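Assemble the whole structure, with the sequences as input and the hints as a guide.
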Amino acid sequence: MSHNGAPMNDRIHRVPGAHRARGLSRRTLLRGLGVAMALPWLESLPAWGGEPAAQGGVPEAPVRLAVLFSGNGFHSKEWWAKGAGAEMELGKVLAPLADFRKKLLFIRGLYHDEATKGNIHSSQTGNWLSGAPLASGGEIRSGTSVDQLLAQRFGDQTTVPSLVLGCEKSNPSVHKNYSMLYSSHISWSSPTTPTPLEIYPALAFDRLFSDGAARGDQGVLDAVLDDAGGLRRELGSGDQRKFDEYLESVRDVEKRLAGARVRTARDWQPTLAKPDRARPADGLPEHLGEHMRLMCDIVVLGFQTDTTRLATLKLNNDHSSQRYPDLGVDYMIHHLLSHSDSADWLKVNVFFLEQLAYLARRLDAIQEGPRTLLDNSMLVYGSSMMTGQHNNDQLPMVLVGGAGGRIAGGRVLDYTGKPARQMCRLHLSLMDKMGLKVPRFGDADQPLAEV
Amino acid sequence: MRARRLLVAALFACAATVSSAESAAPLAAVTPILKDRCLTCHSQAKHKGDLDLESVVADGRLARHARIWQKVLEQVADGDMPPAGKPQSTAEERSRLLAGVRGALDVVARQTAGDPGPVVLRRLSNAEYTYTLRDLTGVESLDVAREFPADGAAGEGFSNTGMALAMSPALLGKYLDAAKAVAAHALLLPDGIGFSAATTRRDATDELVAQLRAFYAGFSATGSSDMVTRQGIPMDKNQGGRLPLERYLAAANELRAGGDAAAVARAHGLNPRYLANLIASLAGGPPSELLDGLRARWRAGDAAGLADAVAQWQRALFRFNSVGDIGVTGGATAWMEPVSPLVAEQELKLAFPADHTSGEATAYLSALATVPGAPAGLVVWRQPRLVIPGRPPLPLRVARAYVDDLLARRVRTFAGTAAALAAAVDAAGDAHGDVAQLAQRHHIDPGVLAAWLGYLGVGFAGDLALEHFDNRLPRAGAYEFVTGWGSTETPSVMANASDQAVRIPGKMKAHGVVVHPSPTRCVAVGWQSPVTATLRIAGAVMHAHPECGNGVEWVLELRRGSARRRLAAGTAINADSVPFGPLDGVTVQPGDLIALLVGPRNADHSCDLTDVELTLTGDGPNPVTWSLTREVSGDILAGNPHADAAGHPAVWHFYSEPTAVMSEHPGAPADSLLARWQATADPATQARLADDLQRLLLAPAPAGDGADAKLYRQLASFAGPLAAATTPAVPAADSPWGLDPALFGKRPDGAACDADDLCVAIGTILAVRLPAGLVAGCELVATAACAPGPAAAEASAQARLAATAPAAAGLLPDPTLPIIAGAAAQARWTSAYADFRALFPAALCYTKIVPADEVITLTLFYREDGPLVTLMLDDAQRVQLDRLWDRLRFVSQDALTTVDAFEQILQYATQDGDPRKLEPLRQPITARAAALRQRLLDAEPVQLDATLAFAAQAWRRPLTADEQQALRARYGTWRTEGLHHDEALRLVLTRVLAAPAFLYRAERPVPGAAQGPVGDWELATRLSYFLWSGPPDAALRAAAASGALRDPAALAAQARRLLGDARARRLAVEFGCSWLHVRGFDQLDEKSEKAFPAFLALRGSMYEESIRFLADLFQSDRSVLSLLDADHTFVDKALAAHYGIPWSADGPEWRRVEGLRALGRGGILGQAAILAKQSGASRTSPILRGAWVSETLLGERLPRPPKDVPPFPEQADAALSVRALTERHVSDARCAGCHQRFDAFGFALEGFDGIGHAQDRDPGGKPLDITATTADGTRLAGLDGLRAYLAGPRAAAFTGQFCRKLLGFALGRAVRLSDEPLLHEMQSALAANGWRAGTAVELIVRSRQFREIRGRGAVSEDDEP
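Same order as they appear, the protein sequences are chains Z and G. Per this note's numbering: the first sequence = residues 1 to 451. Per this note's numbering: the second sequence = residues 1 to 1361.
Don't read these hints as lab results, they were simulated from the structure. Among the clues, some could well be false.
What the hints assert, rightly or not - Each pair of labels, with its calculated beta carbon distance range:
1. Z/Arg279 - G/Thr1269: 58 to 64 Å
2. G/Thr1269 - Z/Gly289: 44 to 50 Å
3. Z/Gly289 - G/His980: 44 to 50 Å
4. G/Arg1197 - Z/Pro270: 48 to 54 Å
5. G/Thr1269 - Z/Thr416: 41 to 47 Å
6. G/Ala1049 - Z/Arg279: 53 to 59 Å
Since the structure is predicted, the reported quantities are computational estimates derived from the model, not experimental observations. Backbone N, C-alpha and C define an ideal beta-carbon position, used for all residues, glycine too.
Spelled out as structure tokens, the structure:
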């Protein structure tokens, strides 16, 4: 087994196939699910899938997943698609995706039942990628999101298990009896841990490419890990579970610093070995569009160099207070604008879809063997409500990319009125395309057959 | 099914087991109502809205389902259940149902009261982390969490709740980096560690210097200045550190009639020690020649005169030196040095202005008594004389005769002008003519003619009086082959005999010749012609040491007799060679001199080594060329003058002249009659000009600056070229000029003295009149001394030589006017000066610390503060000052850097600084460095101990022995791995700050199932993070260590103390602003720049107002209701303008203002931050404001808005006001039910626009309606009405909400049913104590919830689903 010449961390002996042989290790359980209490949402141990099999002996690039989110839904009249393939007609919101009609799935009618039970906004958003019930009353509980479940399974194969990015800071308050954490985080590394967001492009870039361990780092980590072991024993059981976030984080950083997170054997070569652009400037870009595009660029870099295969990019919060002076729309923040359903609201919607189109275009320009990087990816984009009127009995969702030939694009999938229209079925499909088969996720036990 | 089971699990509420029989009793009575009205839908079968109330009722364990019952209570009370369209309960049924459920819940609440509840492990929030680091390090600028992911909120809506505080590898990486960043701020000190805003030694040093300066500034005044220029760089060697004399003397004036000096000092911010000392010295003390006069002024109340006199004497008695020179050979010994203006004799000079040519000039020789009525005595003026440039001095004794003679002779000379000029034309080119014959031929006096010819440089060469160098420099710049002439200092000329270019340290070319001027003398290299020829002259001047210095000036001139003709001039500054010539057609006669003069620029001669070359080529078929470097560089010491290559003796001359010759332009002023005469060859024109010139000279002196006026002055003065020496005849008896010769050579008592001396009684003033034109440009010089005699020892006088008569007798404290005194008088004055200096030092301390008054200095930090220490500091201040200095020396390590600097400066030593001068510094520098090295080593273990002590503070508890051992071992390992002490120590700090004990507020559960007291240290931490969002301070740590906190009264007392501290401001931010949704308002970016262009500049002030207002609530223990009805707030200038509050220019930046209610504001409802936050980007939003009042202030729960509410146009419609728009929007029946519960609050606030500015019209221009009716039928009008409503009928709801939120913040979790009794208790206590906020805080910290923790074995299935 090749380790690309990098030293193995002698503290953690990795046995090839250990996952399959032993099922879930304690470590994987912690990393994957945070706490055993989450098990009801993932009742049985999943049967792990492997790397995508190479077909015909030709090494193939893996499937990548990027999930993009924006809050407060879209224009009530202009989010639609009809027809198929190159003749597909698109509503004005989706117009920026016109070039990708043959590579997209427009999915109607899916929803999260649990998201309809609370109040509005945060309670509609906190489980967008998990379908889990949300705790109210100032508590925090959702479910591990689909991207993090994948990261916990496949993260060892890349230097960075997943990227969790955002373009708006999270909102520190409780709204209508639900924490606004739910509004600000689509990625959850455990049911009680919203994955902290990176909103600074430079730091996101560092997360991917900064490996420099300074002298003494290892000693510091060893020491605090010792502390952590001792402290954990003294804590109550509830706190121990919370504290495991720290323990696991230290181990993760330690592995990264020790260069131990060397990918497992890879039988294909990414098209880029090192980033081909400079580290972005420190701080936040002055213009929002520039901020979003920089974050997209970082996702592209992560995928192209195979530094990560998973990314979520929260373009704004649900209940967002972004304004758009660059679009000439600065008289109302995003959230309140969503209530107007006006021409300016449409303009802002289009601006968001342009970001998705930008990402798709960049990925489509990168050739990986017979396919483009876009063909090898799944870009999922949507919101947690249909329009600004908080209606979430069906959710807007669009998927661009071919999942390495596993998805045929150019189609409209309409689940309106069908009984089994859980959004979690789409999540099961996404995991399936990535090679992770689980019997159940959230409130679904079947992937969407049509996807 | 699973989903439902989990939802139910999530709603479990209480931990403690409660007897179900007891709690179920009140409920049993209402079960029939439940059955009828609720269980039809919320049944096991239908479980409408995910609620199976049927099973809950059947289960009977009320405590387990407390949350469900709380929700039932809420929904029924609000009238949301039963829903519209379903059978409704009667009013009686409803109230019974409510009473039943409430009663049952009350029982549960009482049973479980005081339950600490499940508090999830808390990571420090970003805010707490930042505050904690600031408190630990004392560095307020530390903000390493700036780019951390934002924290969320949970519990009661605060980000100090464990559930909302996640950790991830990415975040941990940031914590690690942040810990390193903080460790980089650690300052290694002689007695431990400290922290600095800086991360480099340089910046940390600057910080310490700033601290020292701040210390000094507390006592001294800025002011005074004494510029020096070094190598062209102006520097101030005398700035700051002044005794603030005026302020002390003003205070002294107040205390003239007695009084409490200490109180006056306090009132004026003066130093009490010094003021008391000053008063004592002014009021009494031994007699003193000097102080007595000051005392008299003080007693007379002449404050201004006193201050003036003291200031003048300070100038006379102190001198300030360049600190950079201290310690070198011949350098100063201190920055501020005493000066004694006492001398036995003194030379005095008076210069007559060169441009003052008409009328007469008077000089006054005065010798006045220093003290009125002092013993009489004699003063002798020795050798009073006129010093005339270029002439021997003229004794004043003969001045009268001389002047008489010269005035007469000048007329003769001027009358012969035309004839002399005609003779000069004749004589041109005739080197061997005879002046006497020529004079005879032109009918002119030979002496007059000779003077004219000399001046014109025509004909006969006169003597060149050159000041040749006579001192040989056999080995210059340490090279055998570099030799020269001149002073070992400067000026000098040197030549390099070798083929090798060397540095001495200026650059010396192979076979080059260099010169180096002194500040006052230029160096000249002259070529004296051995032939008659017409020359071509060329050469170059190059600054040979361009790395420093300000360059040189040079002049090339032709000299014949007393005539000088400038051929070229310029400057050489940088490394470029400045060539001159070739100049063609310069005609010379034997004896003529071509000279190249090099002088310093601006009298600054440092680094002025200058490379020179001069070549002269003759004419004719076989022209000869002379070259300075070729002919001289090989054997410059062969002679001065030096022969040329052809063997002509005395061709090359090396000499120096005063620099004055460089700046003067000898010869006739351009365009003057004489210059024009010289320029023309036409005999007729020459004759006409000669006649005109003669007329000019015979007429009265012309005024002004014209060329002919200048020419006149040049020709007419004593210093002029025509005033040849003469033997004066006996003066006319009635001559008005000079002094009577009979006054000289004898004393008033008749005894003889030197013939040229004047001896007069003290008190005598002699006036000497002289023709102004004649003495223009000359000086009168004399030396004054006390004349020997019987009274000489006691005599003292101040002698002056001035152009004006001295004012009335009296002592002038002028350092340029010393006192000439006899021995006894000198002793008296010396003692008086010393007394004065001790009391009135000009400076208290050297506040610059870093001297910048020399180009090169070895002194990095200079301490001179003796007067401050002696006069003003008490013991503690002395210790503090010494410690600051010690830290500066230790941190800067200047003792080590000086060692290197010393070696470098030796290498670099320039011509103006002989390296040997620095030798005295060597030994002290070496010794200081060795001492510091040892100290650095000695401090290592001390610093490690301090780091461990820091760890205990960071971890908020004492370290265990194992932990200490582990930290030391870790340090040791790093040292073993080769890390320097500094690096290893910073890594230990990093490790401490990345540790869970720092990042988490871990609390150990008590053993067993029951709750029990949390540990002492954990309790101290709970308290400090509740009130300060930061770690316990020393007092709180001491209380924790002693176990005192276990006493609730002691804990409450600590809480009160913490609330009064400045850090309680953080409670205002983290609790208050979070609760009211304005936290981080200074970063709010939600406002349209078009609609509210003023907002960006105002938002910081708006936020600060709310913070200050809320901080004041806690710090001043005000009423919670004052949040609503306060009449005061805090504003700065910008906010005052925003609110229309008058502002006066003087006063602090932030002020507390009263009378807000009269302005239509008052309380949080009128605060701009609140009003702006609950508004849209471009307009108000009555809905947002109303919902905020309802939910945030009153704690009401609003149900979910209906789906598919109609869109709401966001830009104010021209046709409709915001209010009308809102009313239309909510008129939809699906909306109205809820909106009527809160919109009225928003309408009442419509008098304020989207950024809280008062408005009486809608943006559309329509009048505003600020009246509204609440859901309970109350009519509200504006903010006043809303305030009255909230603080009146709704006061309980408001204060209840305050208590609930404060409790949630304090505990870090959501409030639970088991907290209800405490909340009730808080409400009652508040009511009984004037609603003072401190009461609420005190009850919380005394509560069991706050002081205790659940047991390790507590059943927790219901708390943590």
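Broken hints, by number: none
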